Structure formats: structure tokens, C-alpha cells
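Novice: So the protein lines, in turn, are chains C and F. To convert a position in the first sequence, counted from 1, into the working numbering, add 41. To convert a position in the second sequence, counted from 1, into the working numbering, add 71.
Just so you know, the hints here were simulated from the structure itself, not pulled from any lab data. Incorrect hints may appear among the rest.
Listed next, the in silico DSS-like pairs over lysine-lysine satisfying Cα-Cα at most 30 Å (straight line) [to be verified]: (1) F:Lys-77 with F:Lys-151; (2) C:Lys-50 with F:Lys-208; (3) F:Lys-172 with C:Lys-88; (4) F:Lys-251 with C:Lys-88; (5) C:Lys-88 with F:Lys-159.
All figures in this text were calculated on a predicted structure; none of them were measured in a lab.
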Amino acid sequence: MPTFRRTYKPFVSPFDPCPPLRVRTYETPAQLFLGFQPENLKQFTLKEALKHGTLWPALYTPYTNPYETKK
Amino acid sequence: MWYYEKKLQYPVKVSICNPKLAKYLIEQYGGADGELAAALRYLNQRYTIPDKVIGLLNDIGTEEFAHLEMIATMVYKLTKDTTPEQLKAAGLGEHYVNHDKALFYENAGGVPFTATYIQAKGDPIADLYEDIAAEEKARATYQWIIDLSDDPFLNESLSFLREREIVHSQRFREAVEILKEERDKKKYF
């Protein structure tokens, strides 16, 4: 699956009071790239669709806490 | 009119008694980018938008009420058996004084809901762009709540709701494309 998480490196000052977070992340989910949805896209089974919140794998963009995965 | 189905759109399960999470979740109940604001915004815009996208606003606006009901269930479950002391410790002392455990349309900071959260410009493109922005903001809010939540069951429901924001954003983007298409067609008449 392609990754929908982008990163950037914010400026770090020697005078910052908190230990720096060197990498910041933001989400760029599927709807930014799909355009008008093409016909006959692949579908999840109904059970999977309910679990994921969408019928379309092309629109499924799950989220995880980036602060946890970074550890 | 509406038909009511007596079940939630997606099951809501809560694993830990954590009233603090209820305080965060209220943002999606009565906040500026919450489900109530979304439902009222879309259902209200239906009347002044080209026919081709009325149905979309109707469907999504209706679904937002189903989401509102899920959030309400989460808040209710998280606070149902709490003591006033627990609520106070969770930062909900002020809420308790005013409302006991009743739900109230307010944001996570306790600011009551206001109609000024909703725009209705009457310009189809302006309104649809606002809807897209609203979906992205609601998606982000779900992300930040998931970051703060340590309840795996609750996070499943929140992930479902977040994914619905993505699908709605996609559909509003398509609605804009439909309206652009209409304009092009007229040129050739």
C-alpha cells in the first residue's frame, strides 16, 4: 500500500525550551489523488467494507498515531 | 422525511472508564467541525444547489446524524457510571455543575454550539468547497482524538468515522467536477 503520510523537518533552535521533535508528519489521504472515481474499481467484501468504513480499497486510508510508530 | 433504523451505523464499544475521552469527543458533537455542524450545513445547503448534487447533500447530511448518534453513544458510555469526583478530575466539573451527565452541544473547551459555525453562501462552488474543508477538518479532529485515546475498541469506531470523512470529501470533490462539467456543456448549446 502506498504511504499517505508525508514528513517535514521543522527548524530547530538552540534556544527551544522543549526537546525538539525533529520530524513532523501530516496525512495526505487517497481522496486528494483519485479525481472523479473511475468505474468498476475493486470492492471490499461487505464485511470488510463495514469494518473499514468504505467499499473501495482505493479510498481506504487508515490512520495510526504517528507519535507511537516513531518510538 | 426520514425513516429511523434503531441501530448504530457502526458498533460502539468502549473498553475503559475514561471520562477524559468524553471531554475530547464532545468536540465532534458540538464543535465547529463536528457532526452536528456537518449535518445542519449539508441539509441546509440542499435547497440552493443545482439539482444534480441535492441528493448527495441529502445522503451525506443524513449520514452525519448517524455519526452524531455514534459520538453521543461514546460520550454516554464513557460517563454513565462515573462519580462527580471522577468527572471533576477529568476536567468535566464545570460540565457537571451545569448539566449533570446530560450531553450538551458544546466543544471540547465547553463553548456552546452556535449557528455561526455553518456558512451558507448560496454559491454552489463556495458551499461545496466549504464542505470539502469541513470534511478534512473533521478528519483531522478524529486523528488528534485517536492520538490522545488509549482505548483500542473506541479507536476502531473512530477510525471508521475518520474513513467516512475521507469518502465524503471524495464525493464533494466529485460534486464540484459535476458542476464544472455542466458549465462546459452549456457553452456548446
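Novice: Each hint needs a verdict: does it hold in this structure or not?
Specialist: Against the structure, the hints come out as follows:
1. F:Lys-77 with F:Lys-151: Judged against 30 Å, a Cα distance of about 21 Å means the pair holds.
2. C:Lys-50 with F:Lys-208: holds, 23 Å
3. F:Lys-172 with C:Lys-88: The hint is violated at about 35 Å.
4. F:Lys-251 with C:Lys-88: violated, 36 Å
5. C:Lys-88 with F:Lys-159: Given that 30 Å is the threshold and the Cα spacing comes to 40 Å, the pair is violated.
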